[in-house]
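All letters in the sequence shown, in the order written, are residues 416 to 570 by the numbering used here.
Honestly, the hints are just simulated from the structure, not real lab data.
Treat the hints with care, as some may be off.
[Unchecked claim] 25 angstroms max Cα-Cα, derived SDA-like pairs, lysine to any residue:
#1 K492 with T439
#2 K547 with N419
#3 K548 with V525
#4 K492 with A541
#5 K424 with I443
#6 K492 with T540
#7 K425 with I476
#8 K421 with I550
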Amino acid sequence: MKQNEKQLKKSITIYLLFMTAACTGALIWQFFLPGLAESFSAWGCSPGWQREIALWNVGIIMGILTAVIKQNMACMKVMLIQSAALCWLLGINHFLTLLSHFSSRYIIHVLGVFEVMILGGVWGTALLLQLKKNINSPAEQLTSLPSNSGQERSL
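Construct all of the structure, not just a fragment, from the sequences and the given hints.
Structure, rendered in structure tokens:
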């Protein structure tokens, strides 16, 4: 593995660990502290829906940790795509809510814009662009040749 590939893999690992921490934080407050949503968001409190969101976070956390522990780059790429897409979508949802129901009391939406969309979405997108750049580089194309079984192998 080339040095820039090692650095990119390390950067993706750090991003995915950040996403694990963010999803764990969301899991804790959605599952155990659903009243925070009522106090600090325009959405109010719905414990059943919030538990369901928390359980989705468990699935995301398990997928990320499996990919990172195994250091399986294919799985890490999938989790990177999924995490970046979710960050953009959730962050935009928070942003639109903040625009339509602005209040300085709604700190959850402000955090959703900054932590989720700007930090998670922009960082994830930057890593995806770096990944695309590495995949499309002439060096990557030369070292990735098809084997007899039809699968790619690296020289």
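Are the Cα positions of K492 and A541 separated by 25 angstroms at most?
Holds, at about 13 angstroms.
Taking only the CA atoms, is the gap from K421 to I550 under or equal to 25 angstroms?
Cα-Cα ~14 angstroms, so holds.
Pair hint K547 and N419, alpha-carbon separation not exceeding 25 angstroms:
holds, 13 angstroms
Sort out whether T439 lies within 25 angstroms of K492, counting only the CA atoms.
Answer holds: K492 to T439 is near 20 angstroms, not above 25 angstroms.
Would the hint linking K425 and I476 be met if the CA-CA limit is 25 angstroms?
holds, 18 angstroms
Check whether the Cα positions of K424 and I443 lie no farther apart than 25 angstroms.
Given that 25 angstroms is the threshold and the Cα spacing comes to 28 angstroms, the pair is violated.
Between the alpha carbons of K548 and V525, is the straight-line distance 25 angstroms or under?
violated, 32 angstroms
Is the straight-line distance between the alpha-carbon of K492 and that of T540 25 angstroms or less?
holds, 12 angstroms
Of the hints listed earlier, those the structure fails to meet are numbers 3, 5, in rising order.
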